[in-house]
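Asks: The sequence shown runs 135 to 397 under this note's numbering.
Think of the hints as simulated: they come from the structure by calculation, not from any bench.
One should not assume that every hint holds.
As the list claims (entries may be wrong) - Heads up, simulated SDA-like pairs for lysine to any residue below, C-alpha to C-alpha not over 25 Å straight-line:
no., residue 1, residue 2
1, LYS206, GLY191
2, LYS160, THR199
3, LYS206, TYR180
4, LYS206, HIS161
5, LYS207, LEU169
Small disclaimer: the values here were computed from a predicted structure and weren't measured.
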Amino acid sequence: MHKRTIIAASIVLGLASASASAASCKHRADRAAELDAGGVTTVEIYALAGDLQVTGGDRATISATGDACVSKKGMLDEIDITIRRTEDRVEILAEMPDTSEETGDRWSRQYAVMDLEIQLPAGVAVVISDSSGELEVANLAAAEISDSSGGIEIRDIAGPVLIPRDSSGDINMERVGDVTIQVDSSGEIDIREAASVTIANDTSGDIIIRNVQGSVLIGNDSSGTISARNVGGDLIVENDTSGGIRYDRIAGHVSVPEERLER
């Protein structure tokens, strides 16, 4: 990724309120890119500040449209969407200007955000890196998502869903395959209809799990209530520092800290 793109990711994390849909947007422009999807199996998406919607469907192309919003008109010249292909993999990059130049008053006087809508064939897997803003992913083969801030909505994923890291914001999933969340710092986790669920580390926020075909494993949970219901396999909670645990209709073995049970 370009240096200016990496810098922008760190500067605009707190500027989600200045999204491209905000009424206070000073300068706006549309961006678009498209590519034939024949033979593509994986799409990598690098998004920065702004909302991101990724949807699979019955289509033969990969298309990305952006609604850009900036504080200075000249910044629009530095905003673009790049799509490039290497064999069966495609990269989609949001190109953004460096907003780190101090104006003399406040850093936040400069902003650049772009809401993205990406349409893909339903049979591909996605790998998403997103810095801030709401994120919605639906109707795809598999998904890997790393997100710094903002809510995550995931539904209708035929295969596995992996979240290596989520810093803040709620996570909601429905009708997905095997779920693995490695690190979640804050926000509620709500998973309904999954093949299996593994949550390695969760710092804060409630965990709600319903209708899982296989087992549920929670490694470390620092705070918040854990609620599990209709689990076809085992329910295992290894460590729970605070907050109650409730469960019902677990077909397999149950192993949870006794002192956390809500009876």
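Asks: Indicate, hint by hint, whether the structure satisfies it.
Replies: Here's how the hints hold up against the structure:
Between LYS206 and GLY191 the CA atoms are separated by roughly 36 Å; this puts the pair beyond 25 Å, and the hint is violated. A hinted pair counts as satisfied when its Cα atoms are at most 25 Å apart, and LYS160 with THR199 qualifies at roughly 20 Å. The hinted pair formed by LYS206 and TYR180 meets the criterion: a straight-line CA distance of about 23 Å does not exceed 25 Å. Under the criterion of a C-alpha separation no larger than 25 Å, the hint pairing LYS206 with HIS161 is consistent with the structure, at around 7 Å.
Between LYS207 and LEU169 the CA atoms are separated by roughly 28 Å; this puts the pair beyond 25 Å, and the hint is violated.
Hints 1, 5, counting from the list given before, are not met by this structure.
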